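Asker: Got chain Z sorted already, so can you dock chain G with the ligands onto it with the hints?
Chains as they are written, first to last, in this note's numbering: chain Z, 1043 to 1536; chain G, 1043 to 1536.
Since the hints were derived computationally from the structure, they do not count as laboratory data.
Computed from a prediction, not measured in an experiment: that's the story for all the values here.
From the three backbone atoms N, C-alpha and C, an ideal C-beta is built for every residue, glycine too.
A hint or two may mislead.
As the list claims (entries may be wrong) - Here chain Z is said to cover these stretches of chain G; the calculated rule only asks that three of the stretch's residues, wherever they fall, bring their Cβ under 8 Å from a Cβ of chain Z:
#1 1047 to 1060
#2 1078 to 1086
#3 1267 to 1277
Protein chains: 2
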Amino acid sequence: MSFAKLDAHCRSLIALEHALSILGVDEATAMAPGGGEQRAEAMAGLSGMYHRQATAPQVRDWIEAAKTETLDQAQQTAVAELERSYVNLTCLPADFVEHKMRTGMRSEQLWRTARPKGDWVGFRPALEGVVELVREEAAMRAELLGLAPYDALMEQFDPGNRTETITPVFAELKAFLVDFVPKALKIQDEKRAKRPLKPLSGIYPVEKQKALGIAMMKAVGFDMNHGSLSVSDHPFCGGVPTDVRLTTRYRTDEFLPALMGILHETGHGLYEQNLPKDWAHWPSGKARGMSIHESQSLFVEKQIGRNPAFWTFALPHVASHLGEDWAMDDLLPHVHQVKRGLIRVDADEVTYPLHVILRYELEQDLLAGRLEVKDLPEAWDAKMGDYLGISSLDAPQNGPMQDVHWPSGAFGYFPSYTLGAMMAAQQWATISRSHPDINEEIAAGDFTTVNTWRRDNIWLKASMGSTPEILRQATGEDLNPAYFIAHLKTRYGA
Amino acid sequence: MSFAKLDAHCRSLIALEHALSILGVDEATAMAPGGGEQRAEAMAGLSGMYHRQATAPQVRDWIEAAKTETLDQAQQTAVAELERSYVNLTCLPADFVEHKMRTGMRSEQLWRTARPKGDWVGFRPALEGVVELVREEAAMRAELLGLAPYDALMEQFDPGNRTETITPVFAELKAFLVDFVPKALKIQDEKRAKRPLKPLSGIYPVEKQKALGIAMMKAVGFDMNHGSLSVSDHPFCGGVPTDVRLTTRYRTDEFLPALMGILHETGHGLYEQNLPKDWAHWPSGKARGMSIHESQSLFVEKQIGRNPAFWTFALPHVASHLGEDWAMDDLLPHVHQVKRGLIRVDADEVTYPLHVILRYELEQDLLAGRLEVKDLPEAWDAKMGDYLGISSLDAPQNGPMQDVHWPSGAFGYFPSYTLGAMMAAQQWATISRSHPDINEEIAAGDFTTVNTWRRDNIWLKASMGSTPEILRQATGEDLNPAYFIAHLKTRYGA
Ligand SMILES: [Zn+2]
Ligand SMILES: [Zn+2]
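Looking at chain Z on its own, in the form it has when it is part of the complex (with noise of 0.2 Å):
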């Protein structure tokens, strides 16, 4: 039976995976300076054998001959999607997948030293020379798939997102932030000449805020059976769904900065730990796509971890892991704090999806011509001028330089960012409105509701829709950006 072959397959392919996502996660955590070098050929070796295997022609016929097979709903998911993922993996020439590695690979290496100069004359041409192979790629990918080039671009991190649908609802995101974004900033000052922002400093010992950190990792739902808390230079959020690896990085003189991201990790967690078990080794299984990955990870850190009724639960074990007893109205200003700023990564959740629309419509003019690499630090500053009023063209290491994506040749992501930041707004708006104490219920510490309504509506649905069908039929409706728009209204325009 075919359908029994590709499950097979999809337990061998899951080992390599598992490897692979070890591998890196010890990488970040654990291994020794000088081992790099064998780590990155042993992972290059691993991930050729993956590929291969993957690829393989005869998995073309057992899809195809499984079709016939009498499988019950869920296994014609399953082949379904392992057919979407096939298609993916084999809609490109081996040899132009390997060209493109190794000049991304390149070009981010180049970057990595040519950014903190500042050097974009000497990084443009390696930038040039990835924007002609992702033109490349969208073209083939598009002639295959059947779609636009840049939504074939999207469909490797969100299958079923369209600029179609996307656009308008960015058009109507931006032209709210350019008009909101000074509003919310007035009425932050008015605050503070109120009431002084005071800075929420202290000496707090690494081992205290790993204890508070793990207390409301513990207290939103993520199981520590199943998973652990470490430190590396760059937060994430690795491993497997049966041990997922959260990573923070801790400053002694401030608490939030750590305590923030691990919510927003933890977040990332809980989705990959609570996927369906029966389907964890196929393609059906696994988390959908990367907008969605990020809506539950913004979910807990924003709609949750920002929410004053959170802080109502978290204060006292705050005070009782740091021995600081802050007053709610000192340490929501720093929660809620919106400032202009280049930098996308620093950016709060107001001034965010600016900094996304702005990439999603570069990275759109790019693939399509419209625009050159060698133009694109005056047409950064243009949209950066108009969306937050301010420039980085004397410092392009702030401006078009400042993320990975690019020089790695990862077009067609920036989107998923903001895209989750609005499922989240829209997600907490479904459950809020069946569950009219939702806030009363967080103030005590329970996160029983949204956990059960995302278990069921997010957590468990995996890949078994596309990420729009997920979407919809968790909250009824296509992305709206309403939702996203009163939560900004409500917590920051008044």
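Answerer: Just chain G with the ligands now, with coordinates in the frame of chain Z:
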């Protein structure tokens, strides 16, 4: 060219070995408790891939073809060693290997629950099943390799080791020890009557012990850029040559157990770190086998670490890290304690070989059918009485049920421990012959001579000769018990 194909083949295998090795370390040091089942699945999947790739029929063709190609000496050795490894891997039918692995795993699981209860009767049938399969295995290996059955088993762990040479050496050592142990104990008693044993107890925080351990690791040559020290329930040396992972376990009331454990594992680690880089992915570039590996760990633990000269160097470090200023005459009696006991892993260097020789004799009897499992407890007890004058007949968990080796199906492994101890003494004797002031160097914290000699004569030889060949080339003679006996007489006989 077939040699190039074999080279690529070895690179692919080393990637899987790297993954399996790091996954093993991660399991012992970082994995979440609930992650074990999926980890086992993943490692079984990768092991299967490894076995299929390593035993693929075309590898035999490439080896045959490579032997006709123009190769330099190192390449010829590499092909010969790969062939040896290929033959050992393919000499059993695949379904027998799987059957034996499953039987061994079930028996080991049963052993883990039966041992604490001393339930020999409950465990015996499982061991009988294992012994039956090991007899079959040995017969098949013997047939194909043209060796005696027990030699064919040892060949997996130490290529070239033969009962023909080991049995008389062990007989000589046994005769010496049965006579020497009571003498050494009497001498110890007399010394203690003059100067009572002073407990080395105190409160030693883990972080301070770790800092002391790392200082000693570095002192004896461990490269912290290519390795690290962490914690696990059972100390081990794992990882890969470019990233050697040592572990230990600490108790806060004593520092000596952890420190001596660290020195032991550091010996293993030095060997791994200093293998020849060019051949790292070929079997010829890997550590030779269990007894040479153990000779390196015991060289550092016993020849260096229990040498009074070492403590001239180490005591000030103990004082500065732990704040305890021990007198040499109070410390050495602990480092050199001799004690009759039932448990091999707790034994000192004087009594340890008798535990090994007892097992060496019994497992040959079991293999040859001269002894059946049902008669094992009595046979064990008889030898334990003859060799050490103690009995475990009432507590089989302290007798034939104490080790994991037999329950898991590893026969022919035990001799490696004592062969390693003897080889370490023989290596030390060779060095001190040409460097009579070696103890002064060590007392001064200068490990250059011992490390240079071992690098040239052991570490860089990797698997480019059989176990006896490497020893002969390094020391100028075959395994000679006189060195180990002289070492024990000097350290414990006066
Ligand atoms: Zn995230
Ligand atoms: Zn050892």
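Asker: Evaluate each hint against the coordinates.
Answerer: Tested hints:
Figure legend: the segment 1047 to 1060 of chain G, annotated as covered by chain Z; annotation consistent (6 residues with Cβ-Cβ distances under 8 Å, at least 3 required). Interface restraint, the segment 1078 to 1086 of chain G with chain Z: holds (7 residues with C-beta to C-beta distance below 8 Å; minimum three). Counting residues of the segment 1267 to 1277 of chain G whose CB lies closer than 8 Å to any CB of chain Z gives 5, so the stated coverage by that chain holds, three being the minimum.
Of the hints listed earlier, there is not a single one the structure fails to meet.
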